[in-house]
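As given, the protein sequences belong to chains A and B, one line each in that order.
Each residue of the first sequence is one higher than the one before, starting from 1 at the first, in my numbering.
Each residue of the second sequence is one higher than the one before, starting from 1001 at the first, in my numbering.
Because the hints were derived from the structure by calculation, they are not lab data.
Since we're looking at a predicted model, the values are computed, not measured.
Take the hints with a grain of salt, since some may be wrong.
[Claimed, not checked] Quick list of in silico lysine-lysine cross-link-like pairs, BS3-like style, CA-CA up to 27 angstroms:
| # | chain 1 | residue 1 | chain 2 | residue 2 |
| --- | --- | --- | --- | --- |
| 1 | A | 129 | A | 109 |
| 2 | A | 129 | A | 114 |
| 3 | B | 1063 | A | 114 |
| 4 | B | 1063 | A | 124 |
| 5 | A | 114 | A | 231 |
| 6 | A | 86 | B | 1024 |
| 7 | A | 109 | B | 1063 |
[Claimed, not checked] Here are the simulated distance ranges between beta carbons:
| # | chain 1 | residue 1 | chain 2 | residue 2 | range |
| --- | --- | --- | --- | --- | --- |
| 8 | A | 61 | B | 1182 | 57 to 63 angstroms |
| 9 | A | 179 | B | 1020 | 16 to 22 angstroms |
| 10 | A | 196 | B | 1191 | 49 to 55 angstroms |
| 11 | A | 132 | B | 1242 | 29 to 35 angstroms |
| 12 | A | 194 | B | 1032 | 21 to 27 angstroms |
| 13 | B | 1025 | A | 114 | 25 to 31 angstroms |
| 14 | B | 1102 | A | 178 | 40 to 46 angstroms |
| 15 | A | 268 | B | 1182 | 47 to 53 angstroms |
| 16 | B | 1025 | A | 240 | 42 to 48 angstroms |
| 17 | A | 45 | B | 1048 | 45 to 51 angstroms |
| 18 | B | 1102 | A | 132 | 15 to 21 angstroms |
Each residue gets a CB set at the ideal place from its N, CA and C atoms; glycine is no exception.
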Amino acid sequence: MLWLGGVYLGSLLGLVWQSFYTFDDFAGKVRHDLGFDTWERLWSNETNRIIVGRTVLMALAVTIACAMLAYPLAYFMARYATRRVKAVLLFLAIMPLWSNYLVRVYSWKLIMAKEGALPWSLDKVGLGKGLEWALDLPYIGGQGLTFSLLGQFIVFTYVWLPYMVLPVHAALERVPRSFVEAAGDLGARPATVFRSVIWPLALPGVVAGSIFTFSLTLGDYIVPTIIGNSKPVIGAQVYVYQGVAGNLPLAAAFTFVPIAIMAVYLTIAKRLGAFEAL
Amino acid sequence: MAEGGYKIDAPDQTERAPRRWGLKAAVLGVLLFLNVPVLIVFLYAFTTDDQAFTFPPPGLTGKWFEIAWDNQDVRDAVWLSFKVGIVATVAALVLGSLAAAAVARTRFFGRETISLLLVLPLALPGIVTGIALRSSINVLGIDFTFWTIVAGHATFCIVVVYNNVLARLRRTSGSIIEASMDLGATGWQTFRYVLLPNIGTALLAGGMLAFALSFDEVIVTRFTAGGSQRTAPLWIFDSIVNRPRNRPVTNVVAMAVVVVMMIPIFVAQRLTSDASLLGSPPTDDDDD
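With the hints as constraints, model all of the structure from the sequences given.
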């Protein structure tokens, strides 16, 4: 029972404590005097701010993409599918969660390789030029999909999508069909029905799903290590600080950036009623 | 909801056809997006091409399976994963169900806090858990061994067991336990003959999911494993990042890991409708 209380919470508190230690650059060792030096160094460092910004942007983009992809699937399951079809669809939607996460990331390395399946199929349907164009874009493009932020974005979206489908589906299932019909009977066009009836009722589900997609993207360092240009994200940077550089205090302080962001995010989510939708 | 249950599930015939086709295409697209990649890995485990990722594969062969099987590194990694998974699962079963029982049965000070605390390892990014554990292991001066991996895994395995058991306990009525006690059963008898049959499948399902999760985990493991220790996922990660020469064998191990993970989860899913990695039981109030 108290495993978590002891081991987990203890470790977290230890981590806070560590972040107040100072790292001595010259000796390359951790000095055990408390202070805000490390925190100051974290914020004053331009690179670190850029890393945080990039990671947050990526998390936001992934979350939005997941919501847009999850919605039609969830909507179909909740409204049109018969029970049998729905069971099959749900199974197919959760299926990826049951496969090894690392393998799923790795699969995209195979697919997005220059001679891999994705460029091959794009060429077949005559979109090869489109891919080249996308890779030529500044910032998100790169040598190949495997080495671009665009590729990283696709993989993140793929990996976390199921976490969005489930809560959105649960929320949409609770939208009474009669509301939608009533809105239609009262003369609302489909777009209006969506905006003023379905969307507000589905929002808690979307927010609940976004907690997962956002938090998971924020802390992940596996995907950026395997796919993407070598620009670091929060997770990778933390790993570098604690591993190669041995600067545990800075790594610890850095870890609190995603935690702080998530705390803010969760507070907003709670306001929007996401916890009832989980 | 009850009397109209049938109608609600029936497809809406009045909807105009063209829009439904668009929706169906979108659904199909999303499902393909979700499921094709893993199948591609399976396909590549048979490819004859060991230099690049040519698609479609120039030819098919089964020889990589043999090579992977004979590889001592691979064997060690998979075996370590098995051991860690089993020990972590057992620990999680005991601790997780005790925690669930405490939260479900009693109201005590800080109950809400504890139920929040128990979800944290899943809600916070894995890297936070990983580095927190690593730093405290460092501070305590413990060596990174098999047991530190187990401790890391048990932390999130507990959550899965806890969620499954708690969902079941909320649905079993507390009065059956009181009835059993009133009829003169000892505490052990009540547990063995009344409580266990009721939560047994939830325990098993939670355990299966916990094992699968442990078999899958790489982020926390990377922080808590000792230098020479590699679980199967760590081996794969290492091969992808540091040893691209090893491609065909990597493909085979990747496929094997997916298959091994599927089995316990299938069983868990069969056993109970509560089984869910997210801990949110599917809405099954309208069953039958």
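Right, here's what the structure says about each hint:
1. Distance restraint check for residue 129 of chain A and residue 109 of chain A: the Cα-Cα separation of roughly 20 angstroms lies within the 27 angstroms cut-off, and the hinted pair is therefore satisfied.
2. Simply put, residue 129 of chain A and residue 114 of chain A have alpha-carbon atoms about 13 angstroms apart, close enough for the 27 angstroms limit, and the pair holds.
3. Restraint check for residue 1063 of chain B and residue 114 of chain A: satisfied, since their Cα atoms lie roughly 25 angstroms apart, inside the 27 angstroms limit.
4. Under the criterion of a C-alpha separation no larger than 27 angstroms, the hint pairing residue 1063 of chain B with residue 124 of chain A is inconsistent with the structure, at around 31 angstroms.
5. Distance check on the hinted pair: residue 114 of chain A and residue 231 of chain A sit about 21 angstroms apart at the alpha-carbon level, within 27 angstroms; holds.
6. Under the criterion of a C-alpha separation no larger than 27 angstroms, the hint pairing residue 86 of chain A with residue 1024 of chain B is consistent with the structure, at around 13 angstroms.
7. Proposed proximity of residue 109 of chain A and residue 1063 of chain B is supported: the alpha carbons are some 22 angstroms apart, at most 27 angstroms.
8. In this structure the supplied range 57 to 63 angstroms holds for residue 61 of chain A paired with residue 1182 of chain B, their Cβ-Cβ distance being about 59 angstroms.
9. Separation of residue 179 of chain A from residue 1020 of chain B is about 20 angstroms and conforms to the stated range, judged on CB atoms against 16 to 22 angstroms.
10. Between residue 196 of chain A and residue 1191 of chain B the CB atoms are about 53 angstroms apart, so this pair conforms to the stated range of 49 to 55 angstroms.
11. Taken as a hint, the range 29 to 35 angstroms holds for the pair residue 132 of chain A and residue 1242 of chain B, whose Cβ atoms sit roughly 30 angstroms apart.
12. A hinted range of 21 to 27 angstroms holds for the C-beta pair residue 194 of chain A and residue 1032 of chain B, which are about 25 angstroms apart.
13. Checking the proposed 25 to 31 angstroms range against residue 1025 of chain B and residue 114 of chain A shows it holds: the Cβ atoms sit about 29 angstroms from each other.
14. For the hinted restraint 40 to 46 angstroms between residue 1102 of chain B and residue 178 of chain A, the CB-CB distance of approximately 42 angstroms keeps it satisfied.
15. Roughly 49 angstroms separates the CB atoms of residue 268 of chain A and residue 1182 of chain B, a value that falls within the hinted 47 to 53 angstroms.
16. As the Cβ distance of residue 1025 of chain B to residue 240 of chain A is approximately 43 angstroms, the hint placing it in 42 to 48 angstroms holds.
17. Residue 45 of chain A and residue 1048 of chain B have their C-beta atoms about 49 angstroms apart, which keeps the hinted 45 to 51 angstroms range intact.
18. Taking 15 to 21 angstroms as the suggested C-beta distance range, the pair residue 1102 of chain B and residue 132 of chain A does not conform, at roughly 60 angstroms.
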